[in-house]
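*Asks:* Single-letter residue listing:
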Amino acid sequence: MATDPRAERSGRGRALLAGAAHLIWPALALALLLAFNAAFTPGFFHVEIRDGRLYGTLVDILNHGSRLGIVALGMTLVIATSGVDLSVGAVMAIAGAVAATMVVRDAASFPAVLAGALATGLAAGLWNGWLVSRLRIQPIVATLVLMVAGRGIAQLVTDGLIITTNDPRLAFIAGGSLLGLPLPVTLAAAALALLALATRKSSLGLFLEAVGDNETASRYAGLDARGVVLLAYAVAGVCAALAGLIEVSYIRAADANNAGLFVELDAILAVVIGGTALTGGRFYLVGSLLGALFIQTLTKTMYMKDVSADVASIPKAIVVILVCLLQSPVVRGRIAARRRPP
Amino acid sequence: MTPAPPDLADGAGRDARLLEARGLSKSFPGVRALDRVDFNVRRGEIHALMGENGAGKSTLIKLLTGVHARDEGSVRLDGEMIRPASPRQAEALGISTVYQEVNLVPHLSIAENIGLGREPTRLGLIRWREVRRRARAALARLELDLDVARELGGCSIAVQQLVAIARALDMRAKLLILDEPTSSLDADETAELFLVMRRLRDAGLGIVFVTHFLDQVYQVADRITVLRDGRLVGEYEAASLSRLELVGRMVGREFSAERAAPDRAKAGAGGQPLLDAQQLSRRGAVDRVDLSVQRGEVVGLAGLLGSGRTEIARLLFGIDRATHGGIAIEGRPVRIRSPRDAVRHGLAFTPENRKADGIVPHLSVRENIVLALQARQGIWRRISRARQEQLARRFIDVLRIRTPSPSTPVASLSGGNQQKVLLARWLATDPKLLILDEPTRGIDIGARAEIERLIDELRGEGRGVLLISSELEELVRACGRLVVLRDRRKVAELVGADVSENAVMEAIARHGD
Numbered sequence: 285m286a287t288d289p290r291a292e293r294s295g296r297g298r299a300l301l302a303g304a305a306h307l308i309w310p311a312l313a314l315a316l317l318l319a320f321n322a323a324f325t326p327g328f329f330h331v332e333i334r335d336g337r338l339y340g341t342l343v344d345i346l347n348h349g350s351r352l353g354i355v356a357l358g359m360t361l362v363i364a365t366s367g368v369d370l371s372v373g374a375v376m377a378i379a380g381a382v383a384a385t386m387v388v389r390d391a392a393s394f395p396a397v398l399a400g401a402l403a404t405g406l407a408a409g410l411w412n413g414w415l416v417s418r419l420r421i422q423p424i425v426a427t428l429v430l431m432v433a434g435r436g437i438a439q440l441v442t443d444g445l446i447i448t449t450n451d452p453r454l455a456f457i458a459g460g461s462l463l464g465l466p467l468p469v470t471l472a473a474a475a476l477a478l479l480a481l482a483t484r485k486s487s488l489g490l491f492l493e494a495v496g497d498n499e500t501a502s503r504y505a506g507l508d509a510r511g512v513v514l515l516a517y518a519v520a521g522v523c524a525a526l527a528g529l530i531e532v533s534y535i536r537a538a539d540a541n542n543a544g545l546f547v548e549l550d551a552i553l554a555v556v557i558g559g560t561a562l563t564g565g566r567f568y569l570v571g572s573l574l575g576a577l578f579i580q581t582l583t584k585t586m587y588m589k590d591v592s593a594d595v596a597s598i599p600k601a602i603v604v605i606l607v608c609l610l611q612s613p614v615v616r617g618r619i620a621a622r623r624r625p626p
Numbered sequence: 004m005t006p007a008p009p010d011l012a013d014g015a016g017r018d019a020r021l022l023e024a025r026g027l028s029k030s031f032p033g034v035r036a037l038d039r040v041d042f043n044v045r046r047g048e049i050h051a052l053m054g055e056n057g058a059g060k061s062t063l064i065k066l067l068t069g070v071h072a073r074d075e076g077s078v079r080l081d082g083e084m085i086r087p088a089s090p091r092q093a094e095a096l097g098i099s100t101v102y103q104e105v106n107l108v109p110h111l112s113i114a115e116n117i118g119l120g121r122e123p124t125r126l127g128l129i130r131w132r133e134v135r136r137r138a139r140a141a142l143a144r145l146e147l148d149l150d151v152a153r154e155l156g157g158c159s160i161a162v163q164q165l166v167a168i169a170r171a172l173d174m175r176a177k178l179l180i181l182d183e184p185t186s187s188l189d190a191d192e193t194a195e196l197f198l199v200m201r202r203l204r205d206a207g208l209g210i211v212f213v214t215h216f217l218d219q220v221y222q223v224a225d226r227i228t229v230l231r232d233g234r235l236v237g238e239y240e241a242a243s244l245s246r247l248e249l250v251g252r253m254v255g256r257e258f259s260a261e262r263a264a265p266d267r268a269k270a271g272a273g274g275q276p277l278l279d280a281q282q283l284s285r286r287g288a289v290d291r292v293d294l295s296v297q298r299g300e301v302v303g304l305a306g307l308l309g310s311g312r313t314e315i316a317r318l319l320f321g322i323d324r325a326t327h328g329g330i331a332i333e334g335r336p337v338r339i340r341s342p343r344d345a346v347r348h349g350l351a352f353t354p355e356n357r358k359a360d361g362i363v364p365h366l367s368v369r370e371n372i373v374l375a376l377q378a379r380q381g382i383w384r385r386i387s388r389a390r391q392e393q394l395a396r397r398f399i400d401v402l403r404i405r406t407p408s409p410s411t412p413v414a415s416l417s418g419g420n421q422q423k424v425l426l427a428r429w430l431a432t433d434p435k436l437l438i439l440d441e442p443t444r445g446i447d448i449g450a451r452a453e454i455e456r457l458i459d460e461l462r463g464e465g466r467g468v469l470l471i472s473s474e475l476e477e478l479v480r481a482c483g484r485l486v487v488l489r490d491r492r493k494v495a496e497l498v499g500a501d502v503s504e505n506a507v508m509e510a511i512a513r514h515g516d
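First to last, the protein sequences are chains A and B.
Yeah, the first sequence ends on 626 if you go by the working numbering, and it's all consecutive.
Yeah, the second sequence ends on 516 if you go by the working numbering, and it's all consecutive.
Derived by calculation from the structure, the hints in this document are not laboratory data.
Treat each hint with caution, since some may be false.
[What the hints assert, rightly or not] Ranges of calculated distance between the beta carbons of each label pair, as one might list FRET restraints:
#1 Lys-358/B <-> Pro-452/A: 55 to 63 Å
#2 Ile-424/A <-> Ala-389/B: 35 to 43 Å
#3 Ser-387/B <-> Ala-596/A: 44 to 52 Å
#4 Gly-381/B <-> Ala-403/A: 32 to 40 Å
#5 Val-432/A <-> Asp-459/B: 53 to 61 Å
#6 Asp-344/B <-> Leu-410/A: 58 to 66 Å
#7 Lys-358/B <-> Ala-305/A: 51 to 59 Å
#8 Arg-91/B <-> Ile-602/A: 13 to 21 Å
#9 Asp-443/A <-> Pro-336/B: 52 to 60 Å
#10 Arg-388/B <-> Leu-465/A: 51 to 59 Å
#11 Ala-403/A <-> Arg-388/B: 32 to 40 Å
#12 Gly-511/A <-> Asp-232/B: 15 to 23 Å
#13 Ala-403/A <-> Asp-344/B: 45 to 53 Å
#14 Glu-333/B <-> Leu-549/A: 50 to 58 Å
Ideal placement from N, C-alpha and C gives every residue a C-beta, glycine not left out.
Extracted from the complex, chain A is given alone in its bound form (with noise of 0.2 Å):
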């Protein structure tokens, strides 16, 4: 049977829409900080090119939030399947103290430390993912057991030390550059790329929806949803540890205590601004992506405008609740019947 290709055509274009129209908002928020900062921010907007290499607080803004930002990328499939995973930020010093230990104690090849490193988030990822999908613990109390000892393991792994090291490939990471911006963005990038394509060229970005939003109904269909949500944590595990060998690369030193620390929560608020809800269903990556840059400019903006650290937590805060009434059924419920005609 011949299908319209002008029907399958327009078919594809409102698919299109309908996830760009998702993407507004997250959009929207980053857009109105852009334009608070190019009023109230001398410079913030400058970029100079050194070296062939771009400079600039933007620039800045696209190098730190990647790290977020990838981290988010791997939580949004966890938040799809209506899980969550805390142990994102401890997997990083875990990973972090691997690739240190390997470079300094070890002298591994440079393709060994990486294997080393994303490999260890592999494994905590599906550590989380055997709890959560064969054991049935819940996703918060499951992953909260490696974010509680995580950091511990990190220090087992660097004997209690913070490994310094100056290797230069390990340097490259996150000091190199590729078309002028930092290595970072790239990898960012091409995560985003990767996942794009492996969740919506396969049929595992529908298995994840189908599952957050209705696992007995998907299991019922014959769909194998341990094996889908277990694949999400294993992800999730591996973008944690690609973002903690950027901070390793970064900072050049493992530190077990405090590499991505606090890192999870701001995952998970990058996330549910990107409009991916807690409750699992439909993902946007693309919004994580922006609701992590979003959160970096945000901090960015308030360390240019000289807010202290110690009370920098407030306006993130006055966000995240903002996202949770705009979220909220019965705001949403309250906005409709205001806009629906009496």
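Please build the complex by placing chain B on the supplied structure of chain A, with the hints as guidance.
*Replies:* Leaving out everything else, chain B in the frame of chain A:
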């Protein structure tokens, strides 16, 4: 203040009426759950409250126990008008309830559970010795001898049930409501419970007994109230209402000989059965049921609520594991351990609770339709978008699914159309056998007729259908063969011309072995 305990010695001497509810009504959005129902319980009687799904039993109980507020009507307890606003108030008034799922705290001791929330204190400290003494006294009233220091979670369900009753009695109850108390008990445990119930009745308590086991009703109940579709059908002396009459009242069809036999050209193709289950069992759910479905045959599972209909479907589809018995598909023995296995063997299942277990509400009609087929193909062999659209449009067309577009979220469709989406999901996988659990429940007349016609078409295409329905009329219309269940067992198999509502009711009502 605490109400005075019922005068146990002199219960019969006073006015026998304990509870009088008049014209109780309750509506929920879109449903009139209870419509002007009268309900009377006497002192010193066991009163069975009977009705099928949606009859209004649980709504009635929730009104009496203060879980919901009534819309209309009045309730008198001991001659006094009452209007409990919470279960706690109802308990203080003397109405205690023991629910099917024992709602006690498993990690506390028996004594603590009995005393929970009303511990005697001195100077703000709990007097534990007094707590234990009261617990022992409460148990003694039931003539039970249990170690009150034991942790409750370690006791059997039956003991937990009895502790729940003891707790209810410790509240100085006049009316005790037991909601499906026997559904997780075995025969001995049930007998023990009945002993206690009779003892309490003889002591003057009014007991409301909700159950779906007919045999048990006739074992202990003095009187029976039947509800159907939120209305009162009648109040009867148990001794003067035959089982057959009771079943007829519950399902709303009078026993009659004149019903025209419907078209019987619905026998299967014969030969090797598509599905053959032997001695299918699962503890507490299904007891040694034989069942087979031929190609081109609609087999019905008839029986009252809780008779094991849905449980059989769940076993066949791999949602629950059978503890005993075997399943063969097209003559080959198979092991079905998960819905995935079942789908691989060509089975399909639309669950009874469409909203909770069937649809994926926020995904589109198209995504819901392709879900099972895509699940069978696996993650990597994605069905192209074009093919998905084509499948969705075809089934929307064939099944006449009324939806604004294939990309509409399925939650916004009507119940009938959601059911059709579920059928489309399975038809896309070209199944050999469809297990349909209450496919027309909560669906308007028009869509119902369409689904019934569709079932007949599926049969015509040579597929097998196992149909579960609480509507006898529907089963008799659709099925060439009916397996009748009662109390988790198969009690009859009706074929061809023998399929009739009368025969089903007779089979259900016939005395236990």
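*Asks:* Take the hints in turn and mark each one as holding or not.
*Replies:* Going down the list of hints, with the structure as the test:
no.	hint	in the structure
1	Lys-358/B <-> Pro-452/A: 55 to 63 Å	holds (59 Å)
2	Ile-424/A <-> Ala-389/B: 35 to 43 Å	holds (41 Å)
3	Ser-387/B <-> Ala-596/A: 44 to 52 Å	holds (48 Å)
4	Gly-381/B <-> Ala-403/A: 32 to 40 Å	violated (25 Å)
5	Val-432/A <-> Asp-459/B: 53 to 61 Å	holds (60 Å)
6	Asp-344/B <-> Leu-410/A: 58 to 66 Å	violated (24 Å)
7	Lys-358/B <-> Ala-305/A: 51 to 59 Å	violated (26 Å)
8	Arg-91/B <-> Ile-602/A: 13 to 21 Å	violated (40 Å)
9	Asp-443/A <-> Pro-336/B: 52 to 60 Å	holds (58 Å)
10	Arg-388/B <-> Leu-465/A: 51 to 59 Å	violated (33 Å)
11	Ala-403/A <-> Arg-388/B: 32 to 40 Å	holds (35 Å)
12	Gly-511/A <-> Asp-232/B: 15 to 23 Å	violated (44 Å)
13	Ala-403/A <-> Asp-344/B: 45 to 53 Å	violated (33 Å)
14	Glu-333/B <-> Leu-549/A: 50 to 58 Å	holds (55 Å)
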